[in-house]
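Engineer: Produce the complete structure using the sequences and hints provided.
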Amino acid sequence: MQRERTFSSYELEEIVAIQNIARRMAINSFIIKGWTAAVLAIILLLGATLYQTIIAVFALLVFWYLDAYFVRKKKTYTALYTEIVENRVNTGDEFFDMRTALYEAGIEVPRSSNLMLSKTLLFFYGFILALTFAYAGISFSLPH
Numbered sequence: 001m002q003r004e005r006t007f008s009s010y011e012l013e014e015i016v017a018i019q020n021i022a023r024r025m026a027i028n029s030f031i032i033k034g035w036t037a038a039v040l041a042i043i044l045l046l047g048a049t050l051y052q053t054i055i056a057v058f059a060l061l062v063f064w065y066l067d068a069y070f071v072r073k074k075k076t077y078t079a080l081y082t083e084i085v086e087n088r089v090n091t092g093d094e095f096f097d098m099r100t101a102l103y104e105a106g107i108e109v110p111r112s113s114n115l116m117l118s119k120t121l122l123f124f125y126g127f128i129l130a131l132t133f134a135y136a137g138i139s140f141s142l143p144h
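Mapped onto this note's numbering, the consecutive letters of the sequence shown carry residue numbers 1 to 144.
Straight line, CA to CA, 27 Å or less: simulated DSSO-like cross-link-like pairs of lysine-lysine:
1. K74 to K33
2. K75 to K119
3. K33 to K75
4. K119 to K33
Hints were generated in silico from the structure; no laboratory data involved. Since the model is a prediction, treat every value here as computed from it, not as a measurement.
Structural biologist: And the structure:
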């Protein structure tokens, strides 16, 4: 039978701080998705010229990468959280050590460019990219 682990008040504060950081990164990712839809809608509704389509695709790629960055940061702090909860007793690490270099090195958490191709981000941004090209194609084919 495994004994349940109890945490000191410092450990609990540290764990809560990491949870809050991870939550903020998830919120940032959500906000980026909203900005993506709003910015692309504004750009494309002004008229789908070639230049506006290029700007829309560029904006989409920037938001896509930024979203992947926030998803990566969330995963990084989640990995740090797991490490602290599971192994703090066995290490001599200081409290509130928020260094995430081990996880950011790409060992535990994939790089942002790899996360851009994850199922959820690829589906969301790929769908928007396809709609952007479809809208531009339809707009270019209509008589002016």
